[in-house]
Structures are given as structure tokens and as C-alpha cells.
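Undergrad: The lines below spell out each chain.
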Amino acid sequence: MDVFIKEVVRVGIADMNVVGPGGTIRTIGLGSCVGVVLYDEMKRIAGLLHVMLPNSELAKSTDFNKAKFANTGVPALIDALEAKGARTSALRAKIAGGAQMFQLGSNESFRIGHRNIEAVKEELKRCRIPLIAEDTGGTNGRTIEFDTETSILHVRTVNKGNQEL
Amino acid sequence: MMDEQYRLTDLHLDVLEEIGNIGAAHAATALSTLLARKIDMHVPNVELVSFDEMFEVAGGAETVVAGIYLRIEGDLTGNMFFVLPLDSANHLIRLLLSESYKDEKCDPLSNELGISALQEVGNILAGSYLSALSDFTKLKITPTVPSIGFDMVGAIVSYGLIEASRYSDEIIVINTQIEEAGEARDTSIEGRFFLLPDPPSYQTIFRSLGVL
Numbered sequence: 000m001d002v003f004i005k006e007v008v009r010v011g012i013a014d015m016n017v018v019g020p021g022g023t024i025r026t027i028g029l030g031s032c033v034g035v036v037l038y039d040e041m042k043r044i045a046g047l048l049h050v051m052l053p054n055s056e057l058a059k060s061t062d063f064n065k066a067k068f069a070n071t072g073v074p075a076l077i078d079a080l081e082a083k084g085a086r087t088s089a090l091r092a093k094i095a096g097g098a099q100m101f102q103l104g105s106n107e108s109f110r111i112g113h114r115n116i117e118a119v120k121e122e123l124k125r126c127r128i129p130l131i132a133e134d135t136g137g138t139n140g141r142t143i144e145f146d147t148e149t150s151i152l153h154v155r156t157v158n159k160g161n162q163e164l
Numbered sequence: 000m001m002d003e004q005y006r007l008t009d010l011h012l013d014v015l016e017e018i019g020n021i022g023a024a025h026a027a028t029a030l031s032t033l034l035a036r037k038i039d040m041h042v043p044n045v046e047l048v049s050f051d052e053m054f055e056v057a058g059g060a061e062t063v064v065a066g067i068y069l070r071i072e073g074d075l076t077g078n079m080f081f082v083l084p085l086d087s088a089n090h091l092i093r094l095l096l097s098e099s100y101k102d103e104k105c106d107p108l109s110n111e112l113g114i115s116a117l118q119e120v121g122n123i124l125a126g127s128y129l130s131a132l133s134d135f136t137k138l139k140i141t142p143t144v145p146s147i148g149f150d151m152v153g154a155i156v157s158y159g160l161i162e163a164s165r166y167s168d169e170i171i172v173i174n175t176q177i178e179e180a181g182e183a184r185d186t187s188i189e190g191r192f193f194l195l196p197d198p199p200s201y202q203t204i205f206r207s208l209g210v211l
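Chain order of the listed sequences is A and B.
Just so you know, numbering that gives the first Met the number 0 puts the end of the first sequence at 164, numbered straight through with nothing missing.
Just so you know, numbering that gives the first Met the number 0 puts the end of the second sequence at 211, numbered straight through with nothing missing.
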């Protein structure tokens, strides 16, 4: 009997990683953050980025973590996928997150979810990566997991059920 | 990153611990008065942690909790959370609205009145915490009206990390737990206060207490 142990790669907040054929990649507890999955369907290679802020211009230092921002995180993930053997021209995107968890907030955090979504979409467009599916906005948190076998993005929420993208 | 502004010494950590102590002690007293029950307070924990570690401190990124959130404005800016496990939130609402919840099967969290009661308790407790902090530091502190959410820790607490994330990938968390005295774990009320000052506000706190 063959026993398959699926590789599950975990990605933290303001972090990114890639996974090879057969594996899955996940990030948990997305609120206003956006999870960006880029994948090469034929090569079954995928990467996941957990974006916290829309633009690196918000950074107070020049030595920042690229995965934290939409505009620097998407290109960094493309580079990491290329290094893993994915073809940039074949990459597709699925995204989830960008909720507004609370009705009140500071100027900076107010509607940050919405700004994150817009910034991710703009960067995908700039990098010419088609956005295939999204589950964004709303007021609920999300846990997401992408399966390289099926290219399905599983989205789990606490109050709004689960879905597959 | 933090080091460029100042080096955190034991004295700084002691000051932040004292802030957690004074704030949560007042909040515990307020809750004790409200419920006519004895509420204990644990020794505050002050740590410099990564964002992922911050979620672990609050119970794990995917754990579902009740979270009351306030933005702090004034001389001191930052974010404050009062986070309760769902069981505790339910239990607290039952105690507050005992007449309305004689039926044990009724889930208070699915009820508008229960949620607004919990939000008001969060408001009172956070208000006690922050007014004690204001008295201690002589800083003007004005919290916003609280918002409440029932969701994963990561989704809720990440809201308080946004401002800090512009400066670095770590945050100083002042974490204080309050707990109903001597009760069995499944029926006790416990909750945690997380005070997350914006990075520039640390200077303000230390200066106000003469330890810069």
C-alpha cells in the first residue's frame, strides 16, 4: 500500500512561500490582509503571498520585508516561482481576503482591506497575470488553502460557510 | 528597527509592565463591581514578538474568539483589544442578562441584545484600563467607540498590527489576563487585554514617566 503524505506549506502574515507538484499551501486567519495565490497549472507549482499593506511607500524604513506589501510582494513571489521552475507566462492568480473586520478604525486602518484588494489587482494587471477567481471584501475572516493537484482554492470562514474557487 | 530609536532596557519593560498592571487592575475592579464576583488579575506580560507570535499569544490565528477593539487617539496613539474565548463571552452575557437567558439552549452570541451588552462591557473595561493609564502617565488618551467582532484571532488582531507594520515586523505587546477567581475552567470568565501602542508612542510613554 502506498501512503501519500501531502506536503502542506504554511505561510505566515507578511510572508510568502512556494510549493511543488502534489502539495498544498495555506495561510490562516486573513482579515484585512489579502492572500494571493499564483500558480502554474500544468507544472503544478504554486506560491502564496499574505499581503498586509497596499504599497511599500507606507514603509517607514527602506529595509523592509517585500512580502508585506502588494506592490513588492507580487513581483517577489513571481521570482520565487520562477526559481522553483514555474513559467511566468503561464501564471494565473486567485485571491481572497481584504475584509473590513471593524466598522471603526484609524485613518490608516480604515478600509485597509479594500485598499489591499485594489493594490493586489493593480499589481497583477501590471505583471500581466490573469485573475481567475476571488473571494474578497465583506466583514469576515478567512483561512485559505490551495491544492496544486486540482488548482482549487479552498476558502473557510467562521460565519459564512466554506467555498471552493 | 526598534534599536534605531532606542534600546529597550529592563527599566523600559518594567514601566510597560506597570502600565499593564495598573490598567488591568482597574478593569478587573470594574468587572468585579459589574458582576458582583471576584475577578483575579494575572501578572502582565510584556514582550517584543513577531506578528505570527502575537496571534499565538492571543490563542492561535485560527481560534475563534470575541474581540472588542478600540483605536486610541490623543497624546498616546495605538490599539487596544479585549479578547475572550467564545465560551467566556457567552458566560459573561448570561450573567449580565440572566433574566433573558433562563433557557440554557439559547445562544447569547446569536442575539443582538447579548452582543450589544458584551460590547458595552468591553467599553467599560477598556475605559477603566485607559483612564488609569491616563492618570498614571498624565497623557491625554481618547479611545474611539468600541467595535466588536466574532472571528478568527488572526483576522481580528491583525487590525491592530497595521500601523506597527509600517515600522517593522515585530510589535511590543502589553498583555494582561483577567479571570474569575476560583471557578472551574469551563464556567469561568477569562479575557485578555492587549495594549498595542503605535511605535512612536513608546517615546511618549517613557518620556511621560521620566525613563527615556
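A portion of the hints provided could be inaccurate.
Said to hold, decoys possible - Sample of chain B residues with no beta-carbon within 10 Å of chain A, all distances over it, derived:
id: 1; residue: Ala35
id: 2; residue: Val63
id: 3; residue: His90
id: 4; residue: Thr136
id: 5; residue: Lys137
id: 6; residue: Asp150
id: 7; residue: Ala154
id: 8; residue: Leu160
id: 9; residue: Ser164
id: 10; residue: Arg165
id: 11; residue: Asp168
Stated by the list, open to error - Okay, the calculated beta carbon distance ranges per label pair:
id: 12; chain 1: A; residue 1: Lys42; chain 2: B; residue 2: Thr141; range: 34 to 42 Å
id: 13; chain 1: A; residue 1: Thr138; chain 2: B; residue 2: Ala180; range: 33 to 41 Å
id: 14; chain 1: B; residue 1: Leu7; chain 2: A; residue 2: Ile151; range: 22 to 30 Å
id: 15; chain 1: B; residue 1: Ala180; chain 2: A; residue 2: Pro74; range: 50 to 58 Å
As the list claims (entries may be wrong) - List of simulated lysine-lysine pairs, DSS-like, C-alpha gap at most 30 Å:
id: 16; chain 1: A; residue 1: Lys59; chain 2: B; residue 2: Lys37
id: 17; chain 1: A; residue 1: Lys120; chain 2: A; residue 2: Lys42
id: 18; chain 1: A; residue 1: Lys65; chain 2: A; residue 2: Lys42
id: 19; chain 1: A; residue 1: Lys59; chain 2: A; residue 2: Lys159
id: 20; chain 1: B; residue 1: Lys139; chain 2: A; residue 2: Lys5
Note that these hints are calculated values from the structure, not bench results.
Every value quoted in this text rests on a predicted model; they were computed, and no experiment measured them.
Idealized CB from N, CA, C, for every residue including glycine.
Undergrad: It remains to establish, for every hint, whether it holds in the given structure.
TA: Evaluated hints:
1. Against chain A, the non-interface label of alanine 35/B holds: every CB pair exceeds 10 Å, the least being about 31 Å.
2. Not every C-beta of chain A lies more than 10 Å from that of valine 63/B, the closest at about 5 Å, which undercuts listing it as non-interface.
3. With 10 Å as the threshold on Cβ separation, the claim that histidine 90/B sits away from chain A holds: the shortest Cβ distance comes to roughly 19 Å.
4. With a minimum CB-CB distance of about 20 Å to chain A, threonine 136/B clears the 10 Å threshold, and the non-interface call stands.
5. Residue-level check passed: lysine 137/B sits 23 Å from the nearest beta carbon of chain A, beyond 10 Å.
6. At roughly 4 Å from the closest C-beta of chain A, the C-beta of aspartate 150/B falls inside 10 Å, breaking its exclusion from the interface.
7. Not every CB of chain A is more than 10 Å from the CB of alanine 154/B (nearest about 3 Å), against its label as outside the interface.
8. In this structure leucine 160/B is not separated from chain A by more than 10 Å, as the shortest Cβ-Cβ distance comes to only about 7 Å.
9. Remark: the non-interface label on serine 164/B conflicts with the geometry, its nearest Cβ contact in chain A lying 5 Å away (cut-off 10 Å).
10. With a cut of 10 Å on Cβ distances, arginine 165/B falls inside the contact zone with chain A, its closest approach being about 5 Å.
11. Residue placement check: aspartate 168/B does not keep its beta carbon more than 10 Å from all beta carbons of chain A (closest about 5 Å).
12. For lysine 42/A paired with threonine 141/B, a C-beta distance near 54 Å fails the hint of 34 to 42 Å.
13. Separated by about 36 Å at the C-beta atoms, threonine 138/A and alanine 180/B satisfy the suggested range of 33 to 41 Å.
14. In this structure, leucine 7/B and isoleucine 151/A break the distance hint of 22 to 30 Å, their C-beta atoms being roughly 46 Å apart.
15. Judged by the Cβ atoms, the range 50 to 58 Å given for alanine 180/B and proline 74/A holds: they are separated by roughly 54 Å.
16. For the given pair, lysine 59/A sits about 45 Å from lysine 37/B by alpha-carbon distance, which is inconsistent with the 30 Å threshold.
17. The straight-line distance between the Cα atoms of lysine 120/A and lysine 42/A is roughly 24 Å, inside the 30 Å bound, and the hint therefore holds.
18. For the given pair, lysine 65/A sits about 25 Å from lysine 42/A by alpha-carbon distance, which is consistent with the 30 Å threshold.
19. Note on lysine 59/A and lysine 159/A: the hinted pairing is violated, with a Cα-Cα distance of about 36 Å set against a maximum of 30 Å.
20. A threshold of 30 Å between alpha carbons decides the hint, and for lysine 139/B with lysine 5/A the separation of about 54 Å lies outside it, so the pair is violated.
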